[in-house]
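Chains as they are written, first to last, in our numbering: chain A, 367 to 930; chain B, 2 to 647.
Hints were generated in silico from the structure; no laboratory data involved. Being a predicted model, the structure only gives us computed values, none of them experimental. Cβ coordinates follow ideal geometry from the N, Cα and C atoms, glycine included. Treat the hints with care, as some may be off.
With beta-carbon atoms standing in for the labels, derived distance ranges [as the list claims (entries may be wrong)]:
no.	chain 1	residue 1	chain 2	residue 2	range
1	A	G726	B	S449	46 to 56 angstroms
2	A	G591	B	A623	49 to 59 angstroms
3	B	M639	A	V901	52 to 62 angstroms
4	A	R590	B	A40	54 to 64 angstroms
5	A	S912	B	L647	16 to 26 angstroms
6	A	N758	B	P193	32 to 42 angstroms
7	B	V477	A	N758	47 to 57 angstroms
8	A	S465	B	A636	32 to 42 angstroms
Under the rule of at most 25 angstroms between Cα atoms (straight-line distance), these lysine to aspartate or glutamate pairs were calculated in the DMTMM-like manner [unchecked claim]:
no.	chain 1	residue 1	chain 2	residue 2
9	A	K551	A	D589
10	A	K432	A	D474
11	B	K213	B	D198
12	A	K743	B	E252
13	A	K743	B	D237
14	B	K610	A	D474
15	A	K432	A	D897
16	B	K44	A	D474
17	B	K213	B	D308
18	A	K661	B	D54
19	B	K213	B	D237
20	B	K17	A	D897
21	A	K661	A	D805
22	A	K661	B	D51
23	A	K696	A	D766
24	B	K17	A	D436
25	B	K460	B	D501
26	B	K69	A	D474
27	B	K17	A	D399
28	B	K268	B	E252
29	B	K460	B	D440
30	B	K17	A	E440
31	A	K432	A	E556
32	B	K460	B	D447
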Amino acid sequence: MGLNAALAAAGTALDVYAAGVQVSGNNIANANDPNYIRETLQLAPSYPVQQQGLILGSGVTATGVKQQIDLYLEQRMYAANGDASGSGATNSVYQQLESSLQTLSNSDLSSQLTGLTNAFNNVVNQPGSTSNRQLAIQQGVQFAQSITSLRSQIDSLRTSINQNAKSDVTEANNLIDDIARLNPKITALESAGLLQSDAGALRNQRYADLTRLSQMLPVTINDRGSAGVDVTLNGQALVIPGEVQHLQAVPRSDRGMTVFDVTVQGSTVPITGTQGEIAGLVGGRDNVIGGFLDKLDQFTAGIINQVNLIHASGQGEHGYPSVTGSYGVKDPNAALDAAGLPFPPRNGSFQVQVINTSTGLAQTGTINVDLAGVNPKTTLNDVVGQLNGLTNVTASVTGDGALQIDAANGYQIEFSNDNSGTLAALGINTFFTGSTSGDIGVNAQLTADPTLLAAAQGGGPGDGTNAAQLANLANLSPAGLGGTTIGNFYQQTVTSLTAASASQNAVSQGSQGFLSSLTSQRAQTSGVSLDTETVQIMQYQQAYQSAARFISTIDKLFTVLTQI
Amino acid sequence: MSIGPLLPGRMPNSLKSQLLNAQIQSTQFSMSQLEAEIASGQKFQLPSNDPTDATQAISLTSLLAQTKQFDANAQSGTDLLNATDSALATISQALTTAQGLDASAVGDTAIQKSAMSQQVQGLIQQVLDAANSTFGGQYLFGGSQNTSPPFSITKNGIAYNGDQVGQSTFTAPGMAQATTVDGNTALAALSPPVGSDLNPALTLATRLSDLKGGQGIVPGQISVTLSSPATSQTIDLSQARTIGDVKDLIENALGAANVTVAIDPAKIGISITPAAGTITIANLAGGTGASDLGIVGSATASIDSGDLNPALSLTTNLSDLNGGTGIGATAGKGLLITNGSINQVVDISSAVTVGDLVNILKNPALGLSVGLNAKGNGLAVSTRLSGVDFAIGENNGGQNAASLGISTSITGSTLLSSLNNGQGVPVNAGQPLSITRRDGTVSNIDLSGSLTVQDVINKINNCDAAQVPPRAATLVASINAAGTGISLLDTSGNGPLSVDAGAPGTTLGVALGLAGTEPGNNNAVPLAGTALNQQSAGGIFDILIRLQNALQSNDNATLTRLGSQITTEADRLSGVRGVVGSRIQTLQNIDNSLQSQNIQTQQALSNAKDTDMATVLSELVAQQTAFEATLRIAAQTMQMSLANYL
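The shape of chain A in the complex, shown without the other chains (with noise of 0.2 angstroms):
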């Protein structure tokens, strides 16, 4: 070998230093970048040569910049991604909803239900006070009125959800866009590299992409090399060779709002389970917010059919001149049990008092409803009949399927004894309106004349018999409550809620850890140390020095030789 070959390998060394330090200064100053990969600069010994027997070697060649990353942690950290932020995002749906419940302050739902079970009492300690009375009623408005608040409050954040869902899908099509984009581009650039990670920056930016997808969604990554990555979802491809499906969010009608649903564009499996941002906030809202709701709903009703029940059968401090239904039924020449009243009445009957409010005296008369199902069914139209048979009362059907009764001039109406639920199926005589809890409220008739409030049954103001049954409210256990009392549902439901928020957390944090632990791990073997870089910048620098040195020698050794 010659000098000048020498002077050859020297020179490739310098470049070679050269690089080193460019690849240690970039690995510096992307040391702040969380997601930056460190890049080492990859050497080998020039291909030998073989010169008069002797096999020398020629220097020494870069062969690439390679990215120092775990690929099987990366596979590992994507799947951690989806379940943390999936139960990540599921808690923070648990957590916004025991916030709107308001469950250890003194003005959530069960202290509403014992204020109300309390103004009851105060009724039944003094019958004969209005103003105890309209506190009751007000009671029962303040009540109704927190349940439908909840029950927005807890829309809205159904709402919020929705939006996020909706911002979610577009974030996702841009991420899975980028990627790609980027696919083509490094394959490009490394078709003629022989590290698969030559292009370091492209590739630092799919690798956020594929990141921040895997938090969103259980996608599957399947890392080709330079050739690129394939995404795929449940089996559904994301981004494949050639060709790119987005996501789109689906509208569907659920618990009395629109709903969106995340599918992959052209299938109608919406994304569920428990991995991803996505799927954790749609199954937050479906299942969580959703089973919260169906409990509420499943209260409400209680209440309101219990309520009215016990209502419909007693008496104010005097009758109604003219009371019309607050449910109607869908055909009045319906069976009653099958009109499409939300409490549907059972076989039985109740009984009319039409009273002369001169003389104060009343005249009793039996409704029958035979829903017994032996003979034909009692269908709104007949009971109409039967009352216009009673002298002194008009009853008739309203436009929307109400049941209207009007009492002749100087009469009034009272009810009583009633064992089909009839009186409040068809919301007369009734304390409660609606059925759910977006539409509980509480009778208008009630608002405008406290009076009515149906404390007795058969006496007179002083008559509590019927409140005292109204106050004892919380200890009853109506039908569609499966066998609980109404004071113990909610608390259940409450204390389930929580019980799950609780495990759910736990899980959160477990899962939130673990991608700790791997992001630890990731950064251990990925990210940049700058005393170790400035330790390799120093070692190139000697090795620079010492090139630089060996080819002031061998310039020495030309002067020398040209000196001859």
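Got chain A sorted already, so can you dock chain B onto it with the hints?
Coordinates of chain B only, in the frame set by chain A:
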């Protein structure tokens, strides 16, 4: 954020800063949690922070609110009962004064008695004020009619306008304590109700809830087996609400051609008869569906439920009363009601149902309290008026009053001891009944040993024959047409017929309602006796008014009689005060125990929910120290770099 485990290997700067961040965040998070605990005073901000304690706190909070209400209830009840007790004390005092007046009056002169009657008038006013006293705007003794004064003075005695519905208050879930005493319970303002079992007939419209004297039955499942056609079925009667429903469901299940369900001939139950062969009805295992209806039977030709004893209701038809025999003809008949100065024939021919009849009797002009009796099988009719006599008799030879079970008439078998408000008739006082006959002779009839009205009638009718020497029997005693008293017919002459009131100290003639004179000379006109089985309220107003009248009319006999009545009423009234007192005591005990329960609940709630300040503060200090150390170390390690030494 949790801190992951460190694996052996490199320690890049990014990892170092990650770890430091995590440490700082985690310490800051626990510090702010502790701060929130201190600021809010609660151990947790969301129930899920500590589900066990939070759940306990939620149920304790609701228990606390409930206990507080029960406590308020007990206090309000105590207040109401205290007011009642003080009103009753005033009334009781007045009764004691009246007792003194009555005892001293018997020997006094008419003028002295007249002065005393003024005093009694004052007592009446005093008791009326107490009886109409209010608490919190409600009249204490009005029952449920407590928004207007329960007692009022009428031309015809003092009227009770209230009812017998009491108030109560809850002191535990589902446990009510009575907090009022109505005017009748407290002051015996209504006469004891008349009304016997009317035995209403069972009809297809009878509600199952009205069976067994109003106790009702809840129908269940029954098992029915027919021999011909051989079939066995389980029939669910839980949907049934009336006897008609039971009939429909059974006939529908087995085929109306195979079995007939009908009201039995006695109209007290149902009979179930197969068209052919025998029928077996049994309970389902563990159920009592068939026994409740009384229709258990094994392989018999017909099953009869026996007496299902339907209760009387306002919608019961009058024709269904007395086992379906009704109440007899009403046109031109009706009830003869005597209530103080009211003496009225009440026409009930327009009444179809019990409710109609009740409405007719509720006419305010009659001064009656009308309802269904406590057993639910008959009417309950009382006078609302104190100080007057009340009777219900037949009109025009009818039988309506007796058929309605509300007749106060006497019969031959009526015991003498039950007459005159239970005061009886002094037949054994050693004085005979002295009758001045229309022929001017005097018959002295010894009635001693008589037990019943018939005994008296027999002795009077026998007196002529028993005379020595016997004379033609011309004196006929009988129960009068209205059935209320005894009337005498004497055909011995054409002079007046009179019956002596009785020797001083005895009141035999008065007690038999016969004292008086028929002055006419037509011997076909009887001497009509007054009603013997009259009802009266018997309470303090009744006593005071009668006392006042007796004092004014110098009626020593009545004054004597009232003496024992006052003692009885005083005992009864002190009994009522005892009940009120024990209710007050019960409520006070409940109040005390609720208050201590309240404190215990509050303690438990505090344990479950409240921040333990000492622990939390010391934890916070420890966290602060750790945080400071972390920051110091972080600042130092982050500064260290090889570059510093180059």
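key: Hints that the structure is at odds with (numbers, increasing)   = 3, 10
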